[in-house]
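In order, the protein sequence lines correspond to chains X and V. Reading the first sequence from the start, the letters are residues 1 to 216 in my numbering. Reading the second sequence from the start, the letters are residues 1 to 152 in my numbering.
It cannot be assumed that every hint is accurate.
List time: in silico SDA-like cross-link candidates among lysine to any residue, alpha-carbon distance up to 20 Å [as the list claims (entries may be wrong)]:
id	chain 1	residue 1	chain 2	residue 2
1	V	K114	X	R71
2	V	K114	X	G101
3	V	K113	X	S211
4	V	K113	X	H170
5	V	K114	V	G34
6	V	K114	X	D115
7	V	K113	X	T110
8	V	K114	X	E100
9	V	K113	X	G98
Simulated from the structure, these hints should not be mistaken for laboratory data. Model, not experiment: these values are computed from the prediction.
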Amino acid sequence: MSVFPVMLIRSGALVTLLIATASGRSRETPVLPAVSNNQLHAVADFAAIADSKERSAALFVEASRVLLHPRCANCHPDGDVPAQGMQMIPHQPPVTRGPEGRGVVGMECTGCHQDRNLVHARVPGAPDWHLAPREMAWVGKSPRQICEQIKDPKRNGGKSLAQIVEHNAHDKALVGWGWSPGNDREPAPGNQEQFGAIVAAWVESGAECPSQEVRR
Amino acid sequence: MSITIRVNGKDRQLDVDPEMPLLWALRDVLGLTGTKYGCGEALCGACTVHLNDHVVRSCVTPVSRAANAEVVTIEGLSPDGNHPLQKAWVELGVPQCGFCQAGQLMTAAALLKKHPRPSDEQIDQSMAGNLCRCGTYTRIREAIKKAAGVGQ
């Protein structure tokens, strides 16, 4: 009987291979160890996935757990208004992206957000606080859609894949803020070093995108 | 720590903690009490001032950010209260209690500097962060239009 994997799916923190068999029935086979929601798998864990394309796609799904975490996705909105909090409610005060993603006159991002978190006022901050451009929206998109746009220089700020790795691994300002959000805000899963390693491994393995059905 | 700030056209030397909110420096050290403390969390806009021509909430702006920079407060908006917005504010009787109005005026002044003839949408977007518990929003909008000479 032939067995062929058709997609990777996540259930909680567990990544499984959904296996379709020749009998027409499917089964799920765990291939990665379980991790808590605030952790990331190590790159080495993905060696359990034998097929290189599936391994690459699985690495991106893991990266998407960071990309779609509210700490990151809140400023990659689908529209002109950023979100805030783990519930991703519209930003208060009501702000709009403006022509350059930095707000409009009188309501510029840096009118309130400083270059660092403010503990007492609870205003988050990092250098050059601003919204991701509209073409880099992540909210409401599947990991595959985000994967495709991240690989597209027309929608990723003209970056090469090497520059994508560098940006995610070493930008200590807005990217790094995702793991240092201040006050009692929940950070993105894992840490930036792990995330950078996952993105690098994804690129090294061919930068494959997961199938459309896959969710983080 | 000594910090030099140009406030309303005059260089001021401040010997304060660099983390002191700019609002504290303006009100408690320099005696410029026209700028108000509202929420302390950048949510209401009562403390709005201009920093190098940008609108900032002075309650959350460390005074160190204003070092060697130009700060304009409501006291410096015009030499004798004759800014077009101030005149329109008086003519239309905009304020009720008045507490938020310095912030409203500073944001409106920045808006008109960038957009001398603002649309309703531009007014709404720029003024959205300045709260008024008396609900004078319609008069604020009318006064901005009057000062700009649009949509009367």
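Cross-check of the supplied hints:
1. V:K114 - X:R71: violated (32 Å)
2. V:K114 - X:G101: holds (17 Å)
3. V:K113 - X:S211: violated (50 Å)
4. V:K113 - X:H170: violated (39 Å)
5. V:K114 - V:G34: It is violated: about 24 Å lies between the C-alpha atoms, which goes past 20 Å.
6. V:K114 - X:D115: violated (25 Å)
7. V:K113 - X:T110: This hinted pair holds, its Cα atoms lying about 18 Å apart.
8. V:K114 - X:E100: holds (15 Å)
9. V:K113 - X:G98: Holds, at about 16 Å.
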